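Number of protein chains: 6
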Amino acid sequence: MSINQRRILVINPNSNQAVTEGISEALDGLRVAGGAEIVCQTLQSGPYGVESQKDVDSVALPLRQMVEEQSNFDAYVIACYSDPGLYICREATKKPVFGIQECAVLTSLAMSDRFGVIAIASASIKRHLRYLRQIGLQGHLAGERALNMTVAETASGEGTLSKMIAIAHKLKEEDGAESIILGCAGMARHRSALEAELSIPVIDPTQAAVTLALGAVLLSSS
Amino acid sequence: MSINQRRILVINPNSNQAVTEGISEALDGLRVAGGAEIVCQTLQSGPYGVESQKDVDSVALPLRQMVEEQSNFDAYVIACYSDPGLYICREATKKPVFGIQECAVLTSLAMSDRFGVIAIASASIKRHLRYLRQIGLQGHLAGERALNMTVAETASGEGTLSKMIAIAHKLKEEDGAESIILGCAGMARHRSALEAELSIPVIDPTQAAVTLALGAVLLSSS
Amino acid sequence: MSINQRRILVINPNSNQAVTEGISEALDGLRVAGGAEIVCQTLQSGPYGVESQKDVDSVALPLRQMVEEQSNFDAYVIACYSDPGLYICREATKKPVFGIQECAVLTSLAMSDRFGVIAIASASIKRHLRYLRQIGLQGHLAGERALNMTVAETASGEGTLSKMIAIAHKLKEEDGAESIILGCAGMARHRSALEAELSIPVIDPTQAAVTLALGAVLLSSS
Amino acid sequence: MSINQRRILVINPNSNQAVTEGISEALDGLRVAGGAEIVCQTLQSGPYGVESQKDVDSVALPLRQMVEEQSNFDAYVIACYSDPGLYICREATKKPVFGIQECAVLTSLAMSDRFGVIAIASASIKRHLRYLRQIGLQGHLAGERALNMTVAETASGEGTLSKMIAIAHKLKEEDGAESIILGCAGMARHRSALEAELSIPVIDPTQAAVTLALGAVLLSSS
Amino acid sequence: MSINQRRILVINPNSNQAVTEGISEALDGLRVAGGAEIVCQTLQSGPYGVESQKDVDSVALPLRQMVEEQSNFDAYVIACYSDPGLYICREATKKPVFGIQECAVLTSLAMSDRFGVIAIASASIKRHLRYLRQIGLQGHLAGERALNMTVAETASGEGTLSKMIAIAHKLKEEDGAESIILGCAGMARHRSALEAELSIPVIDPTQAAVTLALGAVLLSSS
Amino acid sequence: MSINQRRILVINPNSNQAVTEGISEALDGLRVAGGAEIVCQTLQSGPYGVESQKDVDSVALPLRQMVEEQSNFDAYVIACYSDPGLYICREATKKPVFGIQECAVLTSLAMSDRFGVIAIASASIKRHLRYLRQIGLQGHLAGERALNMTVAETASGEGTLSKMIAIAHKLKEEDGAESIILGCAGMARHRSALEAELSIPVIDPTQAAVTLALGAVLLSSS
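Protein chains in written order, with numbering that gives the first Met the number 0: chain A, 0 to 221; chain B, 0 to 221; chain C, 0 to 221; chain D, 0 to 221; chain E, 0 to 221; chain F, 0 to 221.
Please keep in mind that the hints were generated in silico from the structure rather than gathered at the bench.
In this text, all values refer to a predicted model and were calculated from it rather than measured experimentally.
Hints may be right or wrong, so weigh each one.
Because identical chains cannot be distinguished in the list, a pair is counted as satisfied if it fits within a single copy or across any two copies.
As the list claims (entries may be wrong) - Calculated pairs, DSS-like style, for lysine-lysine (alpha carbon to alpha carbon, straight line, at most 27 Å):
no., residue 1, residue 2
1, 171, 93
2, 169, 53
3, 169, 93
4, 53, 171
5, 125, 93
6, 169, 125
7, 125, 53
8, 171, 125
Using the sequences provided together with the hints, build the complete structure.
Encoded structure:
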């Protein structure tokens, strides 16, 4: 690669290496010649899935440490839909740090007015809503509905896509969603199939965040 | 280029060819080898600058016609900060159509909580605010202040940067803006200098929209 | 008429003369001795019904031209529920220009807290909601439901009233509407019957706008 | 008058007969031959001016009694900017009852996006804001500023107009008001002069309410 | 009691002495040895139940008179869920005056994000919503549903608890309430049983208000 | 003490023992006979002051551990104005856990409509605003202004009160605050003096939270 090539670090805060690999694969479309190097890493000390508030809070400091130690990247993406540690990481670097929930929601709004979210577990929905209100975008939420599967099941399970389709239809037809956000970094492989089925935009949050990171690093003058 | 290369059409709704060239130049950073072809065109029938509501409304149908006639693009960007004709163009194609004000605001929110806008003319501010409320994002506006120059002056004028710096400082220090949006497609050449001076993100709206378009076309499976 | 008599121009932006006549008839109650002359005209170049965003945008400039050419009126009313061309017309004259959706919503709020809207077609609802948010009054919307008939059918069709009654009951009982707005200029003839059936205020938008125009011209000192 | 002529009762809740006469005079423009009879009455038991919360609450039951006793009117207007007793009166009759603050605000929104209010006394501003929030329209308030005069002084005082002009300019230039509402039923005589000076709409609340009442009674089928 | 003991006056605005006694009994938990004296009184001139807007408005002046006459208390609580006369009483004393609806809602927000309300009668719901909007807290309402019983029935009726449980389950499961507010001062005796059944916080509004009053008087330095 | 006496644990998340002692002293007014035992503890592993996002995030897990280990309390209060670890602690126990910022804001709203906040450092203001938006109460903020002192200086410094008075006057007169919240657990000793000077309610957040905790434990049936 060129010595000037921009580099983006995508961190999976859970310790499930298969999820990291799925994330990385989903980013292949953004790995174009002349673009940025997109590196995906696993937070080894993270929980196997980020499911509770304890999981979210427990990864904040380790994420900051990763950002501080790997300072030779031009942008960072925290690849968990709860956007754990986002502000503590931003405090640690002058480079842009993107949260995938925030970026997914913003990207959905460039293509639709109201978005629906497919969550993995019901228990996460209240936490997501709280965060959505914190970033001042809750007025655009059509609804959030849960698969009630584990992160691991979602990434690998056989019946995942059909469950996602059923839920996405409810979000679209009952809740009025005009776009669908995959509420977990591990659902990326089903994005295209879901979009083909629904006929409205389906957004993978890590893809959304890396797109914004790509723009930021390619346009940066420094 | 590859026969599969994605193509993005950026339309400048005013008839000032120099503005179109400035827009195109500002997009060079996003023209990477394996990315998308980014084509910038001038709406020949447009007004010399889009300054009044009449200007905005008068370009809606011609923009739609351009989108319909040039159907071999994968995404469209309307490069005027008033987002003229956005909905009529979206109605005309299944491809994504991006408005630069909308994309600039959304991009600013991935990097900051409250944005300030540098408008060209005071007369545009009320129109911008109305639109911002329409897209449900007015709660994040720190303030909008005007240069009170013409579109042509902004693109070429000598004293433009120093005026922009003065206004941006007011937006930052008095209004609490944490990022600055350039409220006209013709201010792009000053983005880097302004960002260096302000030490907060400065967003060129066309760059923001083309970044989102780039992500959409690179990730599209069709 | 007196040389000082005030005059209000009501423009039907669609080219369906029967709709214009229905509008005019519905305004008879406001044509009182000593009041204002209320003139209803058809935009000959308009579409047969304003149903799409293209229809809305296509009438903006012709409406402005009518307002400019007929400058000897004291107030103008644009009699289409999408309020097409409202801002471009306001830019063209110092006389007040009223949009019927805006006036209907405001009038409903003088008599109730939350209104429901009977739309002609589902496809219009998103456009109406966007506009409602633009004018900052979306918080008062109980719901909007569609007849899914054409403008022409609504004005003349046999079964229109019974369909309107069924939808209005849903707006009232399921959505909590405390008043009903007829979401099309062509539904006026059914207003009284619907109000008698529902026992809550039913507002014809053109009547609402002409009432406000009447107040403005009678109280004007110029 | 015709036996079918509609009748509107305007009640001044303070016991200052001069204020009632000023209100009545300001309504002459709406007393057209074929229109409605507009009757203005003084609440004899009211305070000399409605200035405190006690004043507001003390007139609620007497206002209801007036509405109940004078049931042969077709609409009622409560002519005090605090809209005292509005809901208790609405509970007492099936005829429409209009509050002048509510109607003034709604009317201002048909002509502008953000309104400023000239209050008589600073002490009323918080009460007005509370009410504005209750009716869900506070988002449109540019600002409210006080003359700090009594109701009686406002109606008769020599220097009132010049003070009003000074305050209205602040509302327009500093607060961004696009229209001005006279925040007291007793300021009506200065409306035209103020509007001529400011070049933006100036709204007298009683005129606004009686206009809406006029539309309601003329269009009523009962 | 100590000559320095703080005293709180709780006023039941309806004339039903049994309700006052029920309120007093529900406050026993807050009557601790070193705390404040908590006195509950009945507004003898009040209606037998506060159910209509007339009931609400009719007690405002008598409540103020009670507050003025009994000036040797350190804080006042108006024990009716419509918070009648709250502002007129606050105007009459420098001591804090608490409304039970306001305090119940605020207390629920310290323990949950969205609350549901059990109203006695459907007719009160609109009035409660209006007030909730006035105090700027409507965004946290999950829903309000009515028992459709009288105040007297609620306090004494046999089947009250089972009806309350059924409604509270709907508020929790269908409306998403994370806490339940008893929307009447006379439901206190059922609080514990309901909380045990629902497994989410159940708030008695008078207990909530007296808790805040207790803090205010114990911490006051005067 | 009685074997049934309720117990409240107040945790100071910073390791400054003097701050803990100041907090405890400020709670003496709430330590009444027959009430609850109020125990104040220092988080030994906490930073000397909670000033950055890193400080906030670093105490979350240790706070949870304290709550889990000391399970024989009936309620918990986290005594830092950033409400660190609030949700992770709530997840760890069925007992109520109160955050002092949340409780201070809620308590201020029982006595006023708009509150002002005295922060210790400017750098905290954005974090506080973000949290205020998360809990959906930002609409009531009049303003927040900083002393720009350290936590330690605030608790002990000589000139603190006079600086607080100056800032509180700006919050009241320029920003329209009707009550003042002390934006740090270490300012409690100045509450009474500030309230006497300002003549509007001044709220110490820890006192506010312990008041709510006191009500919760005294009224609890378990």
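So, going through the hints one by one against the coordinates:
{"no.": "1", "hint": "171 to 93", "verdict": "between (39 Å within a copy, 18 Å between copies)"}
{"no.": "2", "hint": "169 to 53", "verdict": "neither (30 Å within a copy, 30 Å between copies)"}
{"no.": "3", "hint": "169 to 93", "verdict": "between (41 Å within a copy, 23 Å between copies)"}
{"no.": "4", "hint": "53 to 171", "verdict": "between (32 Å within a copy, 25 Å between copies)"}
{"no.": "5", "hint": "125 to 93", "verdict": "between (31 Å within a copy, 17 Å between copies)"}
{"no.": "6", "hint": "169 to 125", "verdict": "both (19 Å within a copy, 18 Å between copies)"}
{"no.": "7", "hint": "125 to 53", "verdict": "both (14 Å within a copy, 24 Å between copies)"}
{"no.": "8", "hint": "171 to 125", "verdict": "both (20 Å within a copy, 14 Å between copies)"}
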